[in-house]
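Going down the list, the protein sequences come from chains A and B. Here the first sequence stands for residues 126 to 238, numbered as in our numbering. Here the second sequence stands for residues 606 to 717, numbered as in our numbering.
Warning: the hint list may mix true and false statements.
What the hints assert, rightly or not - Sample of chain A residues at the chain B side, in silico, Cβ under 8 Å: (1) GLY167; (2) LEU168; (3) PHE190; (4) GLY226; (5) GLY230; (6) GLY232.
What the hints assert, rightly or not - List of simulated lysine-lysine pairs, BS3-like, C-alpha gap at most 30 Å: (7) B:LYS654 / B:LYS716; (8) B:LYS666 / A:LYS152; (9) A:LYS176 / B:LYS654; (10) A:LYS187 / A:LYS176; (11) B:LYS654 / B:LYS666; (12) A:LYS152 / A:LYS196; (13) B:LYS674 / B:LYS663; (14) A:LYS152 / B:LYS663; (15) B:LYS654 / A:LYS169; (16) B:LYS663 / A:LYS169; (17) B:LYS674 / A:LYS169; (18) A:LYS152 / A:LYS169; (19) B:LYS654 / A:LYS152; (20) B:LYS663 / B:LYS676; (21) A:LYS187 / A:LYS169; (22) B:LYS676 / A:LYS169; (23) B:LYS666 / A:LYS169; (24) B:LYS676 / B:LYS666; (25) A:LYS196 / A:LYS176; (26) B:LYS654 / B:LYS674.
Just so you know, these hints were derived from the structure itself, not from any lab. Ideal placement from N, C-alpha and C gives every residue a C-beta, glycine not left out.
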Amino acid sequence: NAGVMQNPRHLVRRRGQEARLRCSPMKGHSHVYWYRQLPEEGLKFMVYLQKENIIDESGMPKERFSAEFPKEGPSILRIQQVVRGDSAAYFCASSPGSDYGYTFGSGTRLTVV
Amino acid sequence: AQSVSQHNHHVILSEAASLELGCNYSYGGTVNLFWYVQYPGQHLQLLLKYFSGDPLVKGIKGFEAEFIKSKFSFNLRKPSVQWSDTAEYFCAVNGGGNDMRFGAGTRLTVKP
Chain A
126 NAGVMQNPRH LVRRRGQEAR LRCSPMKGHS HVYWYRQLPE EGLKFMVYLQ KENIIDESGM
186 PKERFSAEFP KEGPSILRIQ QVVRGDSAAY FCASSPGSDY GYTFGSGTRL TVV
Chain B
606 AQSVSQHNHH VILSEAASLE LGCNYSYGGT VNLFWYVQYP GQHLQLLLKY FSGDPLVKGI
666 KGFEAEFIKS KFSFNLRKPS VQWSDTAEYF CAVNGGGNDM RFGAGTRLTV KP
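Given these sequences and hints, build the entire structure.
Structure below.
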């Protein structure tokens with residue numbers, strides 16, 4: 126039973142490029158959450174999605190960031206026109222419902238050069 | 606909006622010392638509470654969780670946490686730490702809403 130799969134593990138982008146981060150939830154989990162972890166700042170909630178729906182995006186920056194969780198395929202976190210400040214570890218988690226604990230993926234470490 | 610506060614940013618202990626990491630939350634309703642651990646270079650793993658029932662919760666690796674509703678607290682404890690407990694520890698709260706909120710984390714360093 127594979128856990129939460131995130132890819133790529135490491136992603137390097139030049140300023141102005143686009144970054145696409147993928148997350149496949151655990152089998153049977155229909156709730157996906159994205160978090161950003163900056164050094165010394167802990168985990169910051171970004172967005173909560175269920176299949177084809179964004180439930181809560183209160184933690185997403187208003188510009189350049191978007192997320193989706195299509196009916197088929199992984200959830201995608203997309204960052205357009207990346208800047209150095211976007212460099213961070215991005216973690217995806219999934220759960221079978223909103224009242225359960227989460228299972229985390231190994232994260233994608235984005236470096237913007 | 607719910608929020609989580611972890612009092613200690615960095616804790617340094619010697620092996621066999623006792624550990625207590627503080628966690629307070631603000632939320633008016635029923636909450637689910639969690640402690641996660643992140644070992645260096647790894648993803649978060651669940652240590653223990655509280656949904657209801659006995660407020661003293663036992664987790665993996667000898668950790669436990671006590672939910673004190675009147676103090677809005679869920680402190681993590683371990684009677685005797687080991688070098689392998691060196692990690693970052695995150696308290697998290699799910700207020701029955703849509704997402705889980707995490708504290709800023711406490712980095713634990715255990716000296717051999």
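Structure-based check of all given hints:
1. GLY167: holds (4 Å)
2. LEU168: holds (4 Å)
3. PHE190: violated (16 Å)
4. GLY226: Nearest chain B Cβ about 5 Å off; hint holds.
5. GLY230: Result: holds, 6 Å to nearest chain B Cβ.
6. GLY232: Hint holds; GLY232 of chain A Cβ to chain B Cβ min 6 Å, cut 8 Å.
7. B:LYS654 / B:LYS716: Roughly 27 Å between the alpha carbons, so the hint for LYS654 of chain B and LYS716 of chain B holds.
8. B:LYS666 / A:LYS152: Holds. LYS666 of chain B to LYS152 of chain A sits at ~27 Å (cutoff 30 Å).
9. A:LYS176 / B:LYS654: holds (26 Å)
10. A:LYS187 / A:LYS176: OK: LYS187 of chain A and LYS176 of chain A at ~22 Å, within 30 Å.
11. B:LYS654 / B:LYS666: This hinted pair holds, its Cα atoms lying about 14 Å apart.
12. A:LYS152 / A:LYS196: At roughly 14 Å apart (the allowed maximum being 30 Å), LYS196 of chain A and LYS152 of chain A satisfy the hint.
13. B:LYS674 / B:LYS663: Judged against 30 Å, a Cα distance of about 17 Å means the pair holds.
14. A:LYS152 / B:LYS663: holds (27 Å)
15. B:LYS654 / A:LYS169: holds (20 Å)
16. B:LYS663 / A:LYS169: Holds, because 27 Å separates the two Cα atoms, which is no more than 30 Å.
17. B:LYS674 / A:LYS169: Since the Cα atoms of LYS674 of chain B and LYS169 of chain A sit roughly 25 Å apart, the hinted pair holds (cutoff 30 Å).
18. A:LYS152 / A:LYS169: holds (25 Å)
19. B:LYS654 / A:LYS152: Roughly 21 Å separates the two Cα atoms, so the pair holds.
20. B:LYS663 / B:LYS676: holds (20 Å)
21. A:LYS187 / A:LYS169: Since the Cα atoms of LYS187 of chain A and LYS169 of chain A sit roughly 15 Å apart, the hinted pair holds (cutoff 30 Å).
22. B:LYS676 / A:LYS169: Distance ~24 Å between LYS676 of chain B and LYS169 of chain A Cα, so the pair holds.
23. B:LYS666 / A:LYS169: holds (26 Å)
24. B:LYS676 / B:LYS666: holds (26 Å)
25. A:LYS196 / A:LYS176: OK: LYS196 of chain A and LYS176 of chain A at ~6 Å, within 30 Å.
26. B:LYS654 / B:LYS674: Answer holds: LYS654 of chain B to LYS674 of chain B is near 15 Å, not above 30 Å.
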